[in-house]
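Colleague: Those protein sequence lines, which keep their order, are chains A and S.
So the mapping is simple: the numbering used here equals the position in the first sequence, first residue as 1, plus 531.
So the mapping is simple: the numbering used here equals the position in the second sequence, first residue as 1, plus 1188.
Zero decoy hints are in this set.
Away from chain A, derived, C-beta distances all over 12 Å, residues of chain S:
| id | residue |
| --- | --- |
| 1 | 1202 |
| 2 | 1206 |
| 3 | 1209 |
| 4 | 1210 |
| 5 | 1211 |
| 6 | 1212 |
| 7 | 1225 |
| 8 | 1227 |
| 9 | 1251 |
| 10 | 1253 |
| 11 | 1254 |
| 12 | 1270 |
| 13 | 1272 |
| 14 | 1273 |
| 15 | 1274 |
| 16 | 1276 |
Covered stretches of chain A, as calculated for chain S (at least 3 residues, CB under 8 Å):
| id | stretch |
| --- | --- |
| 17 | 544 to 555 |
| 18 | 559 to 570 |
| 19 | 579 to 588 |
| 20 | 825 to 836 |
Between beta-carbon pairs, the in silico distance windows are:
| id | chain 1 | residue 1 | chain 2 | residue 2 | range |
| --- | --- | --- | --- | --- | --- |
| 21 | S | 1284 | A | 953 | 37 to 47 Å |
| 22 | S | 1229 | A | 803 | 23 to 33 Å |
| 23 | A | 532 | S | 1252 | 29 to 39 Å |
None of these hints come from the bench; they were simulated from the model.
On a predicted model such as this, the values are computed, not experimentally measured, just so you know.
Even glycine gets a Cβ: it sits at the ideal position worked out from N, Cα and C.
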Amino acid sequence: MSEKIYAWLLRLYPSHFREAYGNEALQLFRDRARDEKGFFPSLRLWLDLLADLAISIPREYGYVQPALIGASAQHRLGAGPAFYILEGASPRPGALLLGSVLSLLALGAFWVLLNQAGSYAGIGVRAPGQMRGDSRFAQPQATQAEPQDATSATSRAGGEVFKLDAAERRRVIDGAVAILKKYYIERDNAQKIGDALLVHEKSGDDDAVTDGADFAGLLTRQMRDVSPDRHLTLDYSQAPLPQHPTGPTPEGLARYREAMQQQNCTFETVEILPRNIGYLKLNSFPDVSVCQSTAVAAMASLNRADAIIFDLRDNRGGEPAMVALMAAYLFDHPEYLYNPRENTTEQSWTQSPIPGNRLADKPVYVLTSNTTYSGAEQFSYDLKMLKRATLVGETTGGGAHSGVWHRIDDHFGMGIPETKAINPFSKTDWAEIGVEPDIKVKAADGLVTAEKLAQSKLQKQQGLRSSRVTASRK
Amino acid sequence: MPKRKLDPLPSAAFQILLALVGEDLHGYGIMRQVAQQTDSRMRLGPGTLYSSIHTLLEEKFIEEVDLREDAKLGQERRRYYRLTSAGRKLARSEAERLAGLLRVARAKKILRGDYV
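One chain only, chain S, in its complex shape (with noise of 0.2 Å):
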């Protein structure tokens, strides 16, 4: 059977580690920060949002925090989720696979402009 594996890191689960960075959310302010930080081209749907998140529960890059409400979204109490140190150095690491490969591409010249 199949074990949910995050080698190499999805795109989405990426984004939802990155999202996490600097405060705590619940899912819909999870899937509003990755559309803000894609430009709106990556829009979360819950089912991809919530088996990320559960992969990432699981594998303690992500941990729940508690049960509250968001007072601009109504009286619903809501599961908040924040990164775990060992999320964050995976955050860095893919950072820093993605940097490398953007050195490649500068260095092979299919980037316009010195800097992306």
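With the rest of the complex left out, here is chain A (with noise of 0.2 Å):
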């Protein structure tokens, strides 16, 4: 009897399961009804199966065999191209009007995006609000401000080309100046940029220029020209910039916390290589409130390795607190980071030497290429200043940002270096010229020129060692 009410739960799972397992569902059902007797071994068989039944029928419902079904219907429809056929009845009439509607949904969608994105053409400056505030690294990519209603004569909407008239840069220059004398961090200097820029522009030298972006450029070197600060910059935005830039929202932040989760927080790969090297691919340094716990995990298993290997390739930047994480690994006692976006403070130093960990006396290889940046170049500098490792590949982004974004108008801001973080290794840091590595081979070749390095050092520690020995027992 019990028997045929499980042969009857069978039925509610779909065919293909039915057909393929069916028998051997039932069979391990009599196996078990035949060892499990007595009223609670029943009950708890009873229990099990039906608790079994509410996990796998739903997941079984989920997945779909075209390979196996569609397999036998291309055999059936011979040679030439075939539709595969999921199922054997057709389709109901409700089900093709509704697919039909949903098509019909998807496609004026599409439209609707690709209209929008028209709308947006042509945006490259950094958003404001990636400058402002915190102390993340800026990411290089291009990003988008967020389009608001247009508030003054500046706002142009729908990507229309526009030419600046000479009010307009006088406008821009007036607020230019008014942001230096107000926040940058050398007051002297501060007078005499503004001075030289107002000087170009009652000279003429501006008049020619009527294109947004090149105007920018146009400031950037004439400040640059009294004060040689890459750190100074006036961006242009063709999307009008927002009023007030919000900080991360908790929506934004739970989005950021999943899609880390979804990423393994951009640990891509934790692995041992051969002869006991360890490998980190590393695609960021995510918030450490978020990944703490996965950077551990990661450094734990790599612990045991007699050298390791930092592939920051496609790395690209983020936070300087997971920076200082992963750099106190590799030291056995604190050590001072150098980050141009902040003064020095207790944060400054790693958190060295981590209980029970093995690394800080290991040879260390960084990967780098020519998108390694902002934060990843931070990793890199400092590593390779302290001599703590070798960089091998390629010369880094370049990518700083130590300024805090100030705007001017709708279309234009800029950068301002409010701090000024002493650098302990040398007069310049790694902003627009990038990080060189000591060993330069294309970026695809790192990984096997650095497992060679780590290979023949380890080798040499090896013979070192057994000499030592020998020399020791004579």
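With the hints in hand, could you dock these two chains into one complex?
Modeller: Here it is as structure tokens:
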């Protein structure tokens, strides 16, 4: 009787499952029923079966096996082009109608999206949110500022081509001069730079420029002629810049958290290569509050490696706190990490030594490419300067962004250094020039090269150790 | 249409791989072995068991060996399954991942005693 009930329940599974495993499921039921006699074992058996049905039936309906069913269909239809048939029965008229309506809706949405995308073509500046406020390293991708209601004469919608006139050029220059005087860290220079901008404007040097991006570039050059400060920039955005850039919203944070979970916090690969060389491919330095446990687990799994390779070839930056966390594993004492975006604070030092960590004296290799950027460059630069790592690959992208963003009007804004972190290693950092690798090879060859370097280093270390042992025995 | 996925490796699939280390088993044999190795904490029902077996077969982590009788269970012929070398590798990498987590748990001192 109970077997009949279970056989009937099995009919709730999709046909492909019944055909493939129906008999075996029934056989398994018989086996268990035979072995689990008595009231309580039988009760447990049925509770198990009901729980199993509740979990596995919806899952089975989620899976379709086009390969299996399609193969038999193709076999029937013979050679030549053929549709794969997923179910034996013809679709219901209702399903066909619903499918048609959904297709039309999808096409309509696609058309609307295409038109929208056309309106915002050609935007290529950093969004203000990336430079303002927090200490995150900016990502270099062109980012669209949120379009909003135009509030001044300089607003233009719909990607319309426009030309700057003298009044607007003057307004931008006045705005820039006011911001320089108020915020620029070097007060004397602020006055000189402002004066220079006004002199150029008066003498007609700017008159020929009517394009926004060209004008922003020209003003940046004029400012840097007076003060060669790579962090001082004037930027143009074709899309109107928001009046009050907002910080991350709870929804934004939730999205970030979800994205990080899906991508394993961008810890793409963590593995041990031959000869016990640890390999970590890290594609960003994510938020510590979200990804600390992932980082700790990754480093723990590499803890017994004899050497370690950090692959930052696809890493475009992230949070300085994560840079410091990862670097902390490479030292047995607190070490100063230079970060051009922040003044020296307690957080500028690594939290080394980390209890139980065995990587502090192991050889380190960092793989770089010409798209390694920002926070990833800080990691590479500091380890190189501290002579703690060998950089292998290409010169990095050169993104430091130590400026804080200030809005001038709807389309112009400027990045101004408001802090002056002391660089203990060099007069310049990697802004715009990038970090030079120790071993220059094409990014694609970086891993092979680093592996060879690590292997030969380990071999030498082993040779030294064994010769010491031999000497001490003598 | 979603495809069955083994990344991350579901617990049931990992237990099945472990059950097949060392000997070929039929479905009921796998179920009993899994119950034994988990102190009866996991009793795989037919739906979960054969769904997982199907996915593992598709990905070639296990293979069907033959149809034969199990003398202890009667005359019925049963399908036996065997772990492939890819399946063994997958089980090992999952075990290493769990060992890594265990190291972290130990480092954070949430386990009593040194060994578990």
